[in-house]
Amino acid sequence: MASKNKLLQSIARNFVLYSISTTLYSVEYPELMAKQSNENIRLISKDGKYTYYQKKSGSLHFSTNYSLKEVLKSEPGTQYTLLSTPARKQIVIQENPLFNQQFTVNPNEKIYLINFGGYTPKMIGHGSHARLHLQDKWLSYFDSKSKKIFFQNTENEALKFNISINARINPFFYPQVIMIDETTILFSDLNADGSTGIFKLERQKNNLTLLEKVISYQHQIELVACNQRIIILKKAHPHLHVGTEMYLWNFNLEQTKLVKPIYQSQLADPGSLQCDYDDQHKLYFIKNTGSTSKPEYDAFIFDLESYEIKRLTYLFSNTSLINMDGVLLSIDRGKLLVIKGSNLYKESDLLNPLSTQTSGDVKAELRNEN
Amino acid sequence: MKLKTSPLFLLSLFSNFLILGFTCLNLKASEPLNSSTLKKRSLGLIETAQRLQNLTKDQIETQSLSKKLSILNDFELKNAQSISLNQAFLKDIFTQSDPKLLSLAKENECTLYSMLDNDFFKSSLKDRKFLVDIVDSKNQGQRMLLTKDEFVQYITQKKCFYLKEHRIIFDLKNVVKTLEGIPFSIPKTQNECKELHGYWLKNPYTPNLCKINLTINDAKKISGGDLTENQIITKKEANFYTEQIPSFKRVYLENLCQHLDSPEKFCQNYLKNDVWNKVLNAEAPTYKMSHLCENALGLKSTPKTSDLLLCAQRFNNSPETCQTKGMEGYPGYFPKVDCDQASSALKESKLQADYHDCPGNSSNLALVSIHRIINHFYPEKIDSNIDNCDSMSAQTASKLFFSIKNDNQWPLNICYFNRIEKKETCTIYIPGDKSDESLSEDKVVSKILYNHYGALPKTFCQITDKKKYNPIRNEFKQGCFIVNNFDSCTAGACEKVIYLDQKKISNIRFEGSFKFDLFPTAFKNERYSTINLFEEVKKIQSKPLRNINEIEFHLNQNKNGIVFGLACIEDLLPEWKARTIINQCQPIPFLITGTYLNQATSTLKFVILLSTDDLSSPRIIEWERIFNGVSHYSNLHPLSLWTMYGLKK
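Going down the list, the sequences are from chains U and Z. For the first sequence, position 240 (counting from the first letter as 1) is numbered 240 according to my numbering, and the numbering increases by one without interruption. For the second sequence, position 299 (counting from the first letter as 1) is numbered 1299 according to my numbering, and the numbering increases by one without interruption.
Errors might be hidden in some of the hints.
Simulated pairs of lysine-lysine, DSSO-like, Cα-Cα distance not exceeding 27 Å [to be verified]:
{"id": "1", "chain 1": "Z", "residue 1": "1272", "chain 2": "U", "residue 2": "294"}
{"id": "2", "chain 1": "Z", "residue 1": "1515", "chain 2": "U", "residue 2": "73"}
{"id": "3", "chain 1": "Z", "residue 1": "1515", "chain 2": "U", "residue 2": "110"}
{"id": "4", "chain 1": "Z", "residue 1": "1515", "chain 2": "U", "residue 2": "147"}
{"id": "5", "chain 1": "U", "residue 1": "294", "chain 2": "Z", "residue 2": "1347"}
{"id": "6", "chain 1": "Z", "residue 1": "1159", "chain 2": "Z", "residue 2": "1100"}
{"id": "7", "chain 1": "U", "residue 1": "294", "chain 2": "Z", "residue 2": "1350"}
{"id": "8", "chain 1": "U", "residue 1": "147", "chain 2": "Z", "residue 2": "1496"}
{"id": "9", "chain 1": "U", "residue 1": "145", "chain 2": "Z", "residue 2": "1504"}
{"id": "10", "chain 1": "Z", "residue 1": "1515", "chain 2": "U", "residue 2": "55"}
{"id": "11", "chain 1": "U", "residue 1": "73", "chain 2": "Z", "residue 2": "1524"}
{"id": "12", "chain 1": "Z", "residue 1": "1272", "chain 2": "U", "residue 2": "55"}
{"id": "13", "chain 1": "U", "residue 1": "145", "chain 2": "Z", "residue 2": "1468"}
{"id": "14", "chain 1": "U", "residue 1": "257", "chain 2": "U", "residue 2": "148"}
{"id": "15", "chain 1": "Z", "residue 1": "1466", "chain 2": "U", "residue 2": "147"}
{"id": "16", "chain 1": "Z", "residue 1": "1249", "chain 2": "Z", "residue 2": "1177"}
{"id": "17", "chain 1": "Z", "residue 1": "1496", "chain 2": "U", "residue 2": "145"}
{"id": "18", "chain 1": "U", "residue 1": "147", "chain 2": "Z", "residue 2": "1467"}
{"id": "19", "chain 1": "U", "residue 1": "69", "chain 2": "U", "residue 2": "110"}
{"id": "20", "chain 1": "U", "residue 1": "148", "chain 2": "Z", "residue 2": "1467"}
{"id": "21", "chain 1": "Z", "residue 1": "1100", "chain 2": "U", "residue 2": "148"}
{"id": "22", "chain 1": "Z", "residue 1": "1467", "chain 2": "U", "residue 2": "145"}
{"id": "23", "chain 1": "Z", "residue 1": "1466", "chain 2": "U", "residue 2": "148"}
{"id": "24", "chain 1": "U", "residue 1": "56", "chain 2": "Z", "residue 2": "1543"}
{"id": "25", "chain 1": "Z", "residue 1": "1524", "chain 2": "U", "residue 2": "56"}
{"id": "26", "chain 1": "Z", "residue 1": "1496", "chain 2": "U", "residue 2": "110"}
{"id": "27", "chain 1": "U", "residue 1": "145", "chain 2": "Z", "residue 2": "1515"}
{"id": "28", "chain 1": "Z", "residue 1": "1300", "chain 2": "Z", "residue 2": "1278"}
{"id": "29", "chain 1": "U", "residue 1": "147", "chain 2": "Z", "residue 2": "1468"}
{"id": "30", "chain 1": "U", "residue 1": "148", "chain 2": "Z", "residue 2": "1496"}
{"id": "31", "chain 1": "U", "residue 1": "145", "chain 2": "Z", "residue 2": "1466"}
{"id": "32", "chain 1": "Z", "residue 1": "1515", "chain 2": "U", "residue 2": "148"}
{"id": "33", "chain 1": "Z", "residue 1": "1515", "chain 2": "U", "residue 2": "56"}
{"id": "34", "chain 1": "Z", "residue 1": "1249", "chain 2": "Z", "residue 2": "1221"}
Some, not all, of what chain Z presents toward chain U, calculated at C-beta under 8 Å [as the list claims (entries may be wrong)]:
{"id": "35", "residue": "1203"}
{"id": "36", "residue": "1242"}
{"id": "37", "residue": "1575"}
No lab work stands behind these hints, which were simulated from the structure alone. Beta carbons are placed, not taken as given, at the ideal position from N, Cα and C, and that holds for glycine.
Using the sequences and the accompanying hints, generate a full structural model.
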């Protein structure tokens, strides 16, 4: 009986919280509006000129002014995931025809490349967790079956290589990969006891160096390159109550150890690091603002110069941080919200000129100041 | 300055009570001792601990080292009217020794002597000598230093006759047999436990039993190469105890002897409201901790009760044990939840699972979920091992699929050149070798080889590992072998080569991989979706559940009711794999097997077992994550279907 009462109290409290947060976000963050329904959108360019969307019948389409093209056609239910970078030269397409039939963390997807704004795909290989590097000159992807990271030059098909990883202890592990330059690669791997190591491969010297092995099995890492900076986030595995640390890696100084963190939290942050497309000193990430027993997640901006952080959203359960060609999106209760950038794709898609940015980021900034 | 409430002060107060008690005993035993002398030596009860300690040391030093203080060297013990431990000596050993021993010592005079005999106490005197007060035949009080053996011999003759017998029955020759005759009962209630603790304090064997524990612990502290004779003996004895005494009894004694002064702490390990304790009390099935325990202790067989007890203690004392242990040969998401969360979740989980699977080896996590569901509604104990932990899931799913004879939908084929029809033909197969299955891989290949490749009529194909296959050896020279590369194998996807009489058969191919519509993806295939097969074949009823109340109701109202769903991992575990691309989703099957009410926050959460998770490590997660995960997947589903169903039979 007592537990029932507590449950009713909890429901009532959650309802109040829901109402408050609903009021907050509905005012502050506009929903993404496009001609296509949101679940079909796979990429819209920042200026709204190019839209890639898919149909549940299994085809991927490209639409631009007065033009509609089919990019790929596969089995019904095929899932497409598209990825671009601030370089805006290439788009990676990951095609999973067994999206609804074969369930695994590292699926064996077909990986294609198209030019940014193009619609002619070029098949590259099979794997998952694809990533573009060095101004889109290189593509990497991971094949979990062979435990290899494949690298492919996007301009010259003949230029390719691969790296084998170990990671036997966690069958669902996928490595974090960064290319520093054409010959130097950073990637993560696991040792026999599950600790993460960050390795540096120097291709010219065929030299593999373990740069850092400070990360216990309780932590996982995220690696991102924002312009000339490498950022490493050391964060907890799900349900493990260890803190979070962020580091800046300086490669010019041949740094071989993680030094003082630039950000620390006693709580487990989900991370999900995203570089800002416009301001090279800004980084976005998801932080736990609640507690260990009751986490609350929201997006924050991290200033890589001053190391200051500023809250960006007040959604309390924000676990998605999507950077779609420079427009920052989050999801709240099934709605795609524009956190930074324009939400007016519907207008641009209708061939109207891009309007002045009455964007979510301005409103969010204002709210923070208040 | 020391406060009168400090532990040391309380200890001194307590020891004074004890000493007064023993003094009274001595008085009774040796009345001729001058009572005025005794009074002179007595200390006030409210003396500070510091003063008491200093005084004790002074007294000991004075009394033992200064010969002129009438310390006898050659007194005939047989001439003594009575011998009792000197009060200052008692204070000395009580202040220097572990306070919890006093709880046992105060029970009975003979218990104290037994503890002295078993070297429980430290003293300032050299060579383990005892300082005693003697009343001689002329009724005169004297002091004397005795060896332990001298003192024990006298006490055995005069007061505590069993000490000598205890020495015999607890020596290394007899201790194992003696322990066999002593019941080590496990209490079930708080009252029962307190009574049991009291029983042990009064039990005259307890000092000898705790000596075993003391020796094992002392041996652990010994390190370095240059050992004294005593240290060598301690190590030898400890090794003997560790090897010869069952772990259950060792753990029991550790718990008892470490908590002699606290029945609460002693009982905590037996009455804790965690799943481990429930398993030990047979309130929860053993499988909830047996696999974790087997791996935590590195056992090669099913853990016994004593092992489970040891594990329960270990899981409580070091909750991180469960994060890493149990993965050897049974890969799943690493690291797992800690023992505290595993316990909370397992306690509420209704899933029946007397086996162990290995999600990390599976080519399709749907197989894992199908097996877990069918085994829950049709429980069967499976002797899991590294070789079958993956294939048992594949077999369960295959059986379910073939029970409606829908060969066209089956995704796995063996294709070969049909020499009769002069074209390539494909035929379905089920991976692995199963004696009762005509479609098993070994039988299908044997049949193809006989019909089209000239194999003998009774050719039997044996599935073997690439590492084992060696054509030079006689056993591989004749016959058919399907050679798998098990290093990169899963039940549904494996690199295979067929050899017939050492000749490689190159134009037989294995095609396809396991594909399942867990929920209907097209109207035409609706009947063959797994959720419909559950109902049609296994009579497991299902209905969609869309909100928290429906799920809670389903789990609480149906005895064996569980919830089966498909959701994006990005919402279920965003700390692992966050969504960074629009409409990014990696659907993962899951089971909700119980509810969990967080008492502190009054929040209702759910016990969830992801198909990536180890069977013995379910998680507790918030409803919002489950709802968001299912919603996002539903948005991307070809029929926009809600993919979370309540199951019951």
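Evaluation of the provided hints:
no.: 1; hint: Z:1272 - U:294; in the structure: holds, 25 Å
no.: 2; hint: Z:1515 - U:73; in the structure: holds, 20 Å
no.: 3; hint: Z:1515 - U:110; in the structure: holds, 17 Å
no.: 4; hint: Z:1515 - U:147; in the structure: holds, 22 Å
no.: 5; hint: U:294 - Z:1347; in the structure: holds, 21 Å
no.: 6; hint: Z:1159 - Z:1100; in the structure: holds, 25 Å
no.: 7; hint: U:294 - Z:1350; in the structure: holds, 25 Å
no.: 8; hint: U:147 - Z:1496; in the structure: holds, 19 Å
no.: 9; hint: U:145 - Z:1504; in the structure: holds, 25 Å
no.: 10; hint: Z:1515 - U:55; in the structure: holds, 21 Å
no.: 11; hint: U:73 - Z:1524; in the structure: holds, 21 Å
no.: 12; hint: Z:1272 - U:55; in the structure: violated, 55 Å
no.: 13; hint: U:145 - Z:1468; in the structure: holds, 22 Å
no.: 14; hint: U:257 - U:148; in the structure: holds, 25 Å
no.: 15; hint: Z:1466 - U:147; in the structure: holds, 19 Å
no.: 16; hint: Z:1249 - Z:1177; in the structure: holds, 13 Å
no.: 17; hint: Z:1496 - U:145; in the structure: holds, 15 Å
no.: 18; hint: U:147 - Z:1467; in the structure: holds, 20 Å
no.: 19; hint: U:69 - U:110; in the structure: holds, 20 Å
no.: 20; hint: U:148 - Z:1467; in the structure: holds, 22 Å
no.: 21; hint: Z:1100 - U:148; in the structure: violated, 59 Å
no.: 22; hint: Z:1467 - U:145; in the structure: holds, 19 Å
no.: 23; hint: Z:1466 - U:148; in the structure: holds, 21 Å
no.: 24; hint: U:56 - Z:1543; in the structure: holds, 25 Å
no.: 25; hint: Z:1524 - U:56; in the structure: holds, 16 Å
no.: 26; hint: Z:1496 - U:110; in the structure: holds, 23 Å
no.: 27; hint: U:145 - Z:1515; in the structure: holds, 17 Å
no.: 28; hint: Z:1300 - Z:1278; in the structure: holds, 24 Å
no.: 29; hint: U:147 - Z:1468; in the structure: holds, 23 Å
no.: 30; hint: U:148 - Z:1496; in the structure: holds, 21 Å
no.: 31; hint: U:145 - Z:1466; in the structure: holds, 17 Å
no.: 32; hint: Z:1515 - U:148; in the structure: holds, 24 Å
no.: 33; hint: Z:1515 - U:56; in the structure: holds, 18 Å
no.: 34; hint: Z:1249 - Z:1221; in the structure: holds, 21 Å
no.: 35; hint: 1203; in the structure: violated, 42 Å
no.: 36; hint: 1242; in the structure: violated, 26 Å
no.: 37; hint: 1575; in the structure: holds, 4 Å
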